[in-house]
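Enquirer: So the chains spell out like this:
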Amino acid sequence: MQKIMSDNIVEIDNLSFGYKGRLLHKGINMVFPRGKVVAIMGGSGSGKTTLLRLIGGQLKPNVGEVRVDGDVVHKQSIDGLYNLRHKMGMLFQFGALFTDLSVYENVAFPIREHTDLPESMVRDFVMLKLNAVGLRGAHNLMPTELSGGMARRVALARAVALDPQIIMYDEPFAGLDPISMGVVCNLIRSLNDALGATSIVVTHDVHETFSFVDYVYFVSDGVVVAEGTPDQLRNSDKPFVHQFVHGEADGPVPFHYPAADYKREMLRGHDV
Amino acid sequence: MFKGLQCVFTGLGHRVIEGVWRIGAGARLFSYIGFYLFESFKRPRLIVREIFATGVLSLLIILVSAFFVGMVLGLQGYNTLQKYGSSEAIGVLVALSLVRELGPVVTALLFAGRAGTAITAEIGLMKATEQLSAMEMMAVSPVARVIAPRFWAGVISMPILAALFSMVGVLGGYFVAVPIIGVDSGAFWSQMQASVDFRDDIVNGVIKSVVFGVVCTMIALFEGYDAPPTAEGVSRATTRTVVNSSLAVLGLDFILTAFMIGA
Amino acid sequence: MERTTIDLWVGVFVALGLAAIFGLALKVGNLTSSNIGETYTVTAAFENIGGLKPHAPVKSAGVVIGRVDGIVFDSKDYEAKVTIKLDKRYEFPKDTFANIYTAGLLGEQYIGLEAGGEETVLKNGDKISHTQDAVVLEKMISQFLYNKASDTKSSETTKAAE
Numbered sequence: 026m027q028k029i030m031s032d033n034i035v036e037i038d039n040l041s042f043g044y045k046g047r048l049l050h051k052g053i054n055m056v057f058p059r060g061k062v063v064a065i066m067g068g069s070g071s072g073k074t075t076l077l078r079l080i081g082g083q084l085k086p087n088v089g090e091v092r093v094d095g096d097v098v099h100k101q102s103i104d105g106l107y108n109l110r111h112k113m114g115m116l117f118q119f120g121a122l123f124t125d126l127s128v129y130e131n132v133a134f135p136i137r138e139h140t141d142l143p144e145s146m147v148r149d150f151v152m153l154k155l156n157a158v159g160l161r162g163a164h165n166l167m168p169t170e171l172s173g174g175m176a177r178r179v180a181l182a183r184a185v186a187l188d189p190q191i192i193m194y195d196e197p198f199a200g201l202d203p204i205s206m207g208v209v210c211n212l213i214r215s216l217n218d219a220l221g222a223t224s225i226v227v228t229h230d231v232h233e234t235f236s237f238v239d240y241v242y243f244v245s246d247g248v249v250v251a252e253g254t255p256d257q258l259r260n261s262d263k264p265f266v267h268q269f270v271h272g273e274a275d276g277p278v279p280f281h282y283p284a285a286d287y288k289r290e291m292l293r294g295h296d297v
Numbered sequence: 059m060f061k062g063l064q065c066v067f068t069g070l071g072h073r074v075i076e077g078v079w080r081i082g083a084g085a086r087l088f089s090y091i092g093f094y095l096f097e098s099f100k101r102p103r104l105i106v107r108e109i110f111a112t113g114v115l116s117l118l119i120i121l122v123s124a125f126f127v128g129m130v131l132g133l134q135g136y137n138t139l140q141k142y143g144s145s146e147a148i149g150v151l152v153a154l155s156l157v158r159e160l161g162p163v164v165t166a167l168l169f170a171g172r173a174g175t176a177i178t179a180e181i182g183l184m185k186a187t188e189q190l191s192a193m194e195m196m197a198v199s200p201v202a203r204v205i206a207p208r209f210w211a212g213v214i215s216m217p218i219l220a221a222l223f224s225m226v227g228v229l230g231g232y233f234v235a236v237p238i239i240g241v242d243s244g245a246f247w248s249q250m251q252a253s254v255d256f257r258d259d260i261v262n263g264v265i266k267s268v269v270f271g272v273v274c275t276m277i278a279l280f281e282g283y284d285a286p287p288t289a290e291g292v293s294r295a296t297t298r299t300v301v302n303s304s305l306a307v308l309g310l311d312f313i314l315t316a317f318m319i320g321a
Numbered sequence: 012m013e014r015t016t017i018d019l020w021v022g023v024f025v026a027l028g029l030a031a032i033f034g035l036a037l038k039v040g041n042l043t044s045s046n047i048g049e050t051y052t053v054t055a056a057f058e059n060i061g062g063l064k065p066h067a068p069v070k071s072a073g074v075v076i077g078r079v080d081g082i083v084f085d086s087k088d089y090e091a092k093v094t095i096k097l098d099k100r101y102e103f104p105k106d107t108f109a110n111i112y113t114a115g116l117l118g119e120q121y122i123g124l125e126a127g128g129e130e131t132v133l134k135n136g137d138k139i140s141h142t143q144d145a146v147v148l149e150k151m152i153s154q155f156l157y158n159k160a161s162d163t164k165s166s167e168t169t170k171a172a173e
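Chains as they are written, first to last, in the numbering used here: chain D, 26 to 297; chain S, 59 to 321; chain X, 12 to 173.
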């Protein structure tokens with residue numbers, strides 16, 4: 026297959042995916058240009074995290090394809106997939122640190138697995154990455170001794186340990202206090218620019234996200250409902266975007282889960 | 059009535075499909091472990107760590123149980139044998155029952171309870187906290203890095219534990235028979251040595267414990283790997299590890315014994 | 012835990028395991044007595060071996076000096092051909108007598124060797140020609156009953172003659 030070196034490092038093309046007959050994504054198209062920080066936003070359960078797994082090749086799409094650096098992800102062999110994943114780093118929702126390893130060993134893990142560097146060099150790399158997230162002093166701690174924000178930062182150091190071209194963030198702000206949130210925001214932006222990488226941030230924190238990303242995709246009901254730069258979206262008059270950006274309880278996304286008529290349900294059993 | 063019957067058949071069919079699916083998934087995991095055979099022995103450090111977790115930490119329960127089982131065998135054996143005036147044969151009774159059956163079987167049952175549950179819970183939680191996914195995304199196969207070392211550690215630990223169980227059990231029997239009951243020490247050992255055959259009894263016992271090691275570890279690993287990533291899922295998987303391992307060990311013990319005695 | 016501590020424990024664990032297997036083999040099992048260093052093999056034919064099994068001890072004057080290595084049925088002479096491994100340190104004359112005995116009334120069966128008086132000794136591959144079969148309990152009992160019956164019969168005839 027001919028490889029086209031495009032400006033977009035990740036391209037999602039007409040992608041559909043679902044479990045057991047229920048489609049989660051219905052023909053999604055997205056592009057992620059090199060060097061940018063792009064957010065995928067949407068309500069809970071709209072399949073944002075699943076999109077990251079599709080990019081990482083942990084799931085296979087039903088229809089359509091995901092291309093990473095020109096390679097179709099789901100057509101790779103195991104080795105090809107692993108080679109592709111060398112280009113990616115992923116920050117999981119709660120960090121997913123290895124609980125039986127110390128902070129230092131967690132960050133050293135990908136380096137040890139994929140290189141044969143001597144211990145002194147591994148140490149230099151690990152300390153460099155930990156310093157970048159401000160946790161060099163915590164290298165001896167175990168993951169259970171870290172706060173949520175610190176664990177997230179260690180996981181970030183681990184995700185970028187091998188200088189990936191694509192960094193994916195799965196809900197990086199979930200459960201963080203405002204200070205930690207600000208720290209993580211700055212880290213995402215600065216790491217992206219320092220590494221010359223492309224970042225994909227899956228989140229639903231509108232205000233934090235709009236402050237530092239370059240481009241935003243809104244996903245709802247399995248399709249991309251809106252896209253644009255943060256400024257464009259803030260001024261958007263699309264009802265969904267308006268509701269989401271301003272956090273209104275009811276709107277095109279209803280407050281109620283689809284249900285039978287309330288009045289009729291209440292009267293059930295009383296009807297004569 | 060008809061509806062109830064339909065329900066029964068639906069349930070049965072569901073269980074059968076589920077069972078076949080699980081056997082297939084287990085076989086696939088097993089073949090992956092085989093696939094990473096050389097890879098895991100290239101990094102013995104990982105296996106050593108797991109031998110510590112499965113083998114060394116099970117040592118205490120195995121040794122204490124073995125001593126008590128041996129003492130009980132000594133008492134019960136003496137009680138029966140003295141009626142026939144052959145209480146010196148107590149050594150034979152203790153040694154044969156331990157080496158042939160109780161050593162491998164009781165060790166495997168205790169192993170399933172002590173180490174098997176730990177393996178299942180650990181892997182289930184690693185899965186629930188996305189550690190296995192994270193590993194995959196770092197282009198590291200969880201089967202090679204997490205599953206295979208634990209498998210080999212279990213397979214190596216089990217025969218060692220079973221041999222220790224038999225040895226300590228014999229000492230427990232000796233402790234009851236010789237100092238407490240007063241059987242002649244020489245008769246105890248010599249009768250034992252005359253009747254316990256190296257090939258037919260000891261080697262067969264070791265073969266049994268290796269088979270049990272493979273089965274128990276495999277069940278524990280599979281249940282953990284297959285567990286739904288929730289608290290309830292992990293707890294149910296842990297229970298299943300104990301139940302399935304115990305049933306598998308007892309069933310296999312019968313089959314192996316039949317083959318060994320028949321051969 | 013420290014890496015060296017883990018290594019130490021695992022080392023101790025594996026060493027203990029090997030020690031236990033050796034202990035089982037030597038102290039509990041019969042590996043010591045069946046491996047009597049160097050051996051030589053002789054054969055003996057019996058018309059009936061009773062319950063003799065491979066690995067059964069071969070004794071002389073009550074001392075174990077060898078083991079039964081194998082038992083096959085010889086369809087030419089309709090006899091059991093027993094291969095015996097004897098300790099190289101012990102030599103026996105050519106006309107040694109091989110008996111099958113039972114340890115106790117219902118115990119294990121073993122081969123007893125009684126030395127003869129000849130000058131030449133048994134060598135590897137030789138055959139012991141003087142053998143006595145196992146005592147079969149049923150045969151003994153039926154013989155006993157037969158004798159008893161004939162005894163009473165003869166005493167009756169003598170009575171009748173008187």
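Be careful, since some hints might not be right.
Claimed, not checked - Label-pair restraints from in silico Cβ distances:
| no. | chain 1 | residue 1 | chain 2 | residue 2 | range |
| --- | --- | --- | --- | --- | --- |
| 1 | S | 65 | X | 64 | 51 to 61 Å |
| 2 | D | 284 | S | 68 | 51 to 61 Å |
| 3 | S | 312 | D | 52 | 36 to 46 Å |
| 4 | X | 23 | S | 268 | 19 to 29 Å |
| 5 | S | 75 | D | 271 | 22 to 32 Å |
The set of hints was computed from the structure by calculation and includes no laboratory data.
Glycine included, C-beta positions come from ideal geometry on N, C-alpha and C.
Enquirer: A separate judgement is required for each hint: does it hold in the structure or not?
Expert: Hints versus structure:
Checked against the hint of 51 to 61 Å, the C-beta distance between residue 65 (chain S) and residue 64 (chain X) comes to roughly 58 Å, which is consistent with it. A C-beta distance of roughly 28 Å is found between residue 284 (chain D) and residue 68 (chain S), which places it outside the suggested range of 51 to 61 Å. Between residue 312 (chain S) and residue 52 (chain D), the C-beta spacing of about 57 Å breaks the proposed range 36 to 46 Å. A C-beta distance of roughly 21 Å is found between residue 23 (chain X) and residue 268 (chain S), which places it inside the suggested range of 19 to 29 Å.
In this structure the hint that residue 75 (chain S) and residue 271 (chain D) lie 22 to 32 Å apart at CB is violated, the actual value being about 49 Å.
The structure does not agree with the numbered hints 2, 3, 5 stated previously, though it agrees with the rest.
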